[in-house]
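Colleague: Single-letter residue listing:
2 protein chains.
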Amino acid sequence: MKRSKISANVIRRLPRYLRKLDDLAYHGVERISSGELGKQMSLTPSQIRQDFSCFGEFGQQGYGYNVEALRDEIATILGMKRGYSAILVGVGNLGHALMENFGFAAYGFHLKAAFDVRPDLVGTEVAGVSIYHADQLAAYLREDSVDIAVLAVPRRFAAQVARMLSENGIGAIWNFTNLELDLDNSKTLVENIHFSDSLLTLSYYLTEAREEDGEA
Amino acid sequence: MKRSKISANVIRRLPRYLRKLDDLAYHGVERISSGELGKQMSLTPSQIRQDFSCFGEFGQQGYGYNVEALRDEIATILGMKRGYSAILVGVGNLGHALMENFGFAAYGFHLKAAFDVRPDLVGTEVAGVSIYHADQLAAYLREDSVDIAVLAVPRRFAAQVARMLSENGIGAIWNFTNLELDLDNSKTLVENIHFSDSLLTLSYYLTEAREEDGEA
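First to last, the sequence lines map onto chains D and F. Residue numbering for the first sequence follows this note's numbering, starting at 199 and increasing by one per position. Residue numbering for the second sequence follows this note's numbering, starting at 199 and increasing by one per position.
Mixed in with the good hints there might be a few duds.
Identical copies go unnamed one by one, so any copy, or any two together, can satisfy a pair.
As the list claims (entries may be wrong) - In silico DSS-like pairs for lysine-lysine, Cα to Cα no more than 27 Å straight-line: (1) LYS310 x LYS385; (2) LYS237 x LYS310; (3) LYS310 x LYS203; (4) LYS385 x LYS218; (5) LYS218 x LYS203; (6) LYS237 x LYS385; (7) LYS279 x LYS385; (8) LYS279 x LYS203; (9) LYS218 x LYS279.
For the record, the hints were derived by calculation from the structure and aren't laboratory data.
Next comes chain D alone, as it looks inside the complex (with noise of 0.2 Å):
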């Protein structure tokens, strides 16, 4: 599967299709069409078509989708089936959020532990993950194989970690520090979450729905 051709739009849509399969599976719906799907999302009954079509054959003409078969390609196709492994740094408030409320393991990750300075944390456990000291993150990165760092340090911090992370062999960085990170010239894939976009977004929707109630 030549996969670098598909655009970045349709792999965006994927975590959506497979949130929203797993919602159908949950209501017990076994098979839908590309049309009732579409509806469901907001997105043609072609395009979604055009995009599975982008990872072969899904769907057979006139019968619909099949809701696990295709909930459970679409993991695979975003990896959640490798067992990639992760390391959480910075245990700061949203740091901990991650660990108690994210859920790794339901994506398939496996969150084996987490760094941090502040002596009150290091050598304990947050959610069963142990609290290490970032001073041993280098020496931990060369023993053990880490797919993905997880990275909530304060703003200030984010660029030196992400640094150090990216010389150590890190494969990843999910990056929460709102800093853009610079890793010119390194393999290190790096997936920012902007939360200001989201607002943002909401934002600009609440203000449609204000000028169209004639408030503005």
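Dock chain F against the given chain D, drawing on the hints supplied.
Modeller: Okay, now just chain F, sitting in the frame of chain D:
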């Protein structure tokens, strides 16, 4: 300006433009062509011109965009100058992280109050914002007009709190609970932030990279 025809894809790019323009301004760039902007954002120049043309005339042919003026226009379009008020419901780890680090004011939002049920939190302040008991929330909303509620309660309380917010006239809910809120027949807007979409996108690209490296 008739906004409702503008596609969701364009709207979701606006916060990205804002971030890029902030970054350019920070680095002293005063003017930028659609070509250069496109290059830096992995968009085509014609897509950029098309996006902006939805909102009027922003650039002068051949002169590029004035970074500050364009940033200002986009901020206006996004509703950042409307002085929207916000409250936060659920001061757990994530709620704390948002209050301490998110910087609502930078996006034009005034975070007025927070609500929780924990006795050790009620009556205290986080980052200068008072925490009230959740019992007072409905009364607060009736007295004070609030535009947006940040929903950061545990998932099992999400539906119930969202309904209450909606019934008390909240304009919009920024939903961190990972529960799809069902507010049928309500005018309340909802924007969900799904951390998993971001992680799974990264997981996809990591899988792609590994396959290209021949590890598949």
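Colleague: If a hint holds in the structure, say so; if it does not, say that too.
Modeller: Against the structure, the hints:
1. LYS310 x LYS385: within (22 Å within a copy, 43 Å between copies)
2. LYS237 x LYS310: Answer is neither; intra-copy 40 Å and inter-copy 38 Å both fail.
3. LYS310 x LYS203: Cα proximity of LYS310 and LYS203: none, with 33 Å in one copy and 47 Å across.
4. LYS385 x LYS218: between (32 Å within a copy, 23 Å between copies)
5. LYS218 x LYS203: both (25 Å within a copy, 26 Å between copies)
6. LYS237 x LYS385: between (39 Å within a copy, 20 Å between copies)
7. LYS279 x LYS385: Close inside one copy (22 Å), not across copies (40 Å); limit 27 Å.
8. LYS279 x LYS203: within (22 Å within a copy, 40 Å between copies)
9. LYS218 x LYS279: Within one copy, since 19 Å is at most 27 Å while 35 Å is not.
In terms of the numbered hints stated before, the structure departs from hints 2, 3, listed from lowest to highest.
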